[in-house]
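**Student:** Spelled out, the chains give:
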Amino acid sequence: MPTLLKAASIVAYASLYSSANVGFVLPLLRVRDNQGWYVQEVDEQTGRIIAFRTFDPESAALGEISNPTAVSLNDFQIYAFVDEVGTTVGNKFSLEPALRAFVSRHPEEVATVLQIFQIVGALHERRTARLQMERTLQEQLGRRNAQAFYASALRSAFWIKLIGAWNLGTDPIRRAELKAQLRLYIDTGGYLQVENAESRNEHETEQLQSIISELKAEFDQPETPIYSPINTRFGIRHVQRQEERIAILISEILRNRRTGIGFLRNYVPRAKFERYVVEYLKRAFGRAELSEHDDEIVVAKLVKPLYTASFPFNRGYLLEYLSRYLGGFRHINHAIGQKLSETRSVYVHEHAHQIRQNLNGGIPKE
Amino acid sequence: MEWVNQRPDPGWGVLPLTHITRGVIAEDIIRESHVRTSDCPVFGEPLAYFFYGRPAYRIGREIVIKAEALCPYCFIFKPELLDRAKSVFAFDTGAFNARLFSGVIASEMEVNDFRLEGKSAPNRLIALVFGSQQAYLVGDTRVVSAKANPHEFHAKAYLDLLLSPGRNEPDDRVFSIEVIFGDSVGLSGLLMAVVLPHTLWSNGVKAPWLGSLADTGAEIIPYEFIPGRAPEHYHTLMEMAVKDFYERSGILTCRHY
Chain S
178 MPTLLKAASI
188 VAYASLYSSA
198 NVGFVLPLLR
208 VRDNQGWYVQ
218 EVDEQTGRII
228 AFRTFDPESA
238 ALGEISNPTA
248 VSLNDFQIYA
258 FVDEVGTTVG
268 NKFSLEPALR
278 AFVSRHPEEV
288 ATVLQIFQIV
298 GALHERRTAR
308 LQMERTLQEQ
318 LGRRNAQAFY
328 ASALRSAFWI
338 KLIGAWNLGT
348 DPIRRAELKA
358 QLRLYIDTGG
368 YLQVENAESR
378 NEHETEQLQS
388 IISELKAEFD
398 QPETPIYSPI
408 NTRFGIRHVQ
418 RQEERIAILI
428 SEILRNRRTG
438 IGFLRNYVPR
448 AKFERYVVEY
458 LKRAFGRAEL
468 SEHDDEIVVA
478 KLVKPLYTAS
488 FPFNRGYLLE
498 YLSRYLGGFR
508 HINHAIGQKL
518 SETRSVYVHE
528 HAHQIRQNLN
538 GGIPKE
Chain F
-17 MEWVNQRPDP
-7 GWGVLPLTHI
3 TRGVIAEDII
13 RESHVRTSDC
23 PVFGEPLAYF
33 FYGRPAYRIG
43 REIVIKAEAL
53 CPYCFIFKPE
63 LLDRAKSVFA
73 FDTGAFNARL
83 FSGVIASEME
93 VNDFRLEGKS
103 APNRLIALVF
113 GSQQAYLVGD
123 TRVVSAKANP
133 HEFHAKAYLD
143 LLLSPGRNEP
153 DDRVFSIEVI
163 FGDSVGLSGL
173 LMAVVLPHTL
183 WSNGVKAPWL
193 GSLADTGAEI
203 IPYEFIPGRA
213 PEHYHTLMEM
223 AVKDFYERSG
233 ILTCRHY
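One line per chain: the protein sequences are S and F, in this order.
If you use my numbering, the first sequence corresponds to residues 178 to 543, in order.
If you use my numbering, the second sequence corresponds to residues -17 to 239, in order.
These are calculated hints, taken from the structure and not from any lab test.
These figures come from a predicted structure and were not determined experimentally.
Quick reminder that beta carbons are idealized off the backbone N, C-alpha and C, glycines included.
Possibly wrong hints are sitting among the right ones.
[As the list claims (entries may be wrong)] Ranges between beta-carbon positions, derived for each pair:
no.: 1; chain 1: S; residue 1: L355; chain 2: F; residue 2: W(-6); range: 23 to 31 angstroms
no.: 2; chain 1: S; residue 1: K269; chain 2: F; residue 2: M91; range: 46 to 54 angstroms
no.: 3; chain 1: F; residue 1: P190; chain 2: S; residue 2: T231; range: 29 to 37 angstroms
no.: 4; chain 1: F; residue 1: H16; chain 2: S; residue 2: E316; range: 26 to 34 angstroms
no.: 5; chain 1: F; residue 1: P190; chain 2: S; residue 2: Q309; range: 18 to 26 angstroms
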C-alpha cells in the first residue's frame, strides 16, 4: 500500500527469479529505524517517483547493495541491474553507460538487450533489438509465437505513447475505458490499426494518427517480415478493416475474374461502407458488355467515387489499402496517385508516405 | 441466478478457462504440472479459481513490477475443463467477499445468490447481458441493454453493479464469470497455452522449467516485458495476447480489442 514517505534509501534488491544471473532486478528501499521494505511507484508518463509502497519480499532472494542510494519523491525512477561485474543502481540516465557496456559484452542476451534499449535506446536500436528477439523466438518457438510477441511489442509501444499523449497517468479506470473504446488490431501487413478512432474528437484522432505513423517507422519489417499480406480471398473474412477487405475483394476480381466475381456474388459485407462498395461492384461487373480487359479501367474509375463515399477519417486507410493491393495495376495506380495529389485531407496525409511507397512497389500485377 | 436460467441457450461454443498468477507461482504450477487448490477465505475450503474466457484476475496491483517473478502469467485451459467445475459465479467472489461491491449490492445478498447453474449458464448470461462472446471478452459494457424486472432483486443488483460508474473498484472483475474447482487441475491434456514475459528466452531457453511445458504441446506466448511499468500495462498486454490466441485458434472470429 502507498505510504506517506518522502524519501528512502535503496539498500538491497530482490532477484525473484531463480535462474537469472543477469538483468534487471527489483530495487528495495528502507528508511532509518524501520525494518520494512518499500518499492517505488512511478508515474509512467514522467518516469518520476510518485510514492513509496510497502513490499513483502516473501521468499525472494535478496542481494545487498554496497553503496545505498538515497531517493526522494519526484526523482526519476531508479533501476537496479545485475551483470557479471556486480549490481549497478541509478536512473536511466546515470545507468546508460553501464547498460550499453553490457550490450557490447553480451549481444547474445537478446531479451535483456531489448529491455535495455526500450529504456535507453534510440529508435533504430529498439527496432534492431526487437527484430533480433523476434528471430530468436521464431527459431525456438515458431512463427506464430514470434508474431504474438511482435503484436505485444507493437501494442506496448502504442499504449506507452498514448499514455503520454493523452495524459492518462496511472488511472486504471480511464485505461480500462479506453481499452474497451479503442479497438486495436494488427492488420495483415503487421500494422496496428485502431477502429472507432472516428468516435474521438478531432484533436485526439489526429494524435492517434500521429502515434500510428510514428510506430510504422519503428515497426516496419522490410527484412524478413513475419507478417505478409493476404493474397487469397479465403483470408478475407478474418481481415478486420473494411477498407482492406474491399481492396482484397477487388484484387481477387482483377486477378481471377471468374472466381473473383463468383465470390463477389456470394460475399456478405459486414460494414456500411463495404455494403455500398459491394453493391457498386456487383452493378459494375454485372454488365454483360464488359470484358475482362475493361475491368482495370472500371476499377480505376471507381477510385474517386469510393474516396468520396468513404468516411473522411478513413480515406487515408482506403487509399493505403487500395495502393497496397492494387498498386500493381497501371491505371488504378495512376488513379490513386492522382487522388492523393489532389486531396488536402490531413487524414490522408498521415498515410501519404506509405501510399507512395505502395504505388512504387505494391503487390505486382503478376 | 434464476434470471439467467430462464433464458435460452445461445448455442455458442464453450470458452476456454483462464488461470492467472504471478511468476513465482507459475513456476510451481509448471514444475508440478498442476494448479493446486489453496484455502479459500470466502468458502472456507481448498479451491482453485479460474475465469471463463476472460483473463481477468489481477495480480501485484500494488507494486511497480520490475521482475519476471512478479509479472502476470496466464494459463489457458481447454473448454472441456468446465465439466469438472464445482461452482460457477457471475463475478469475482473474492472481490464480493472483500465488500468491493458493497456500494451497489445489498449486504443481505449472499455470494451463492449469484451462482450460475449448468454448463450453458455462462453463455446464457453472456448472451443476455453482452449479446456476444466478443463483447464479453472485450469488456464492452456500452452494449449492455439487459433489463431486470423490479422483483428480480439479484439480477437488478448485478446489472447495477455492471453499469455503475461510481463503484470503488470499477474493473472488469464485476462481470468476469468465475469458475471454481474443488480439486487440483492437471495441465496434461488440458492446457492450451501459457502467456508469459519474453525475458524467459534469450540465446537459449533461459528458464529450464519451461522445457517440459513445450513438450506438452501447449503454446507458449511471450509478451514484451519492459521493467518499471505499471501492473496494468502488463495485464493489458497479456489480455491482448490471450484474445489474439482465441482469434487465431478459431475460438473467436473477431479481432476487436
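**Student:** Which of the numbered hints are not met once you compare them with the structure shown?
**Tutor:** none
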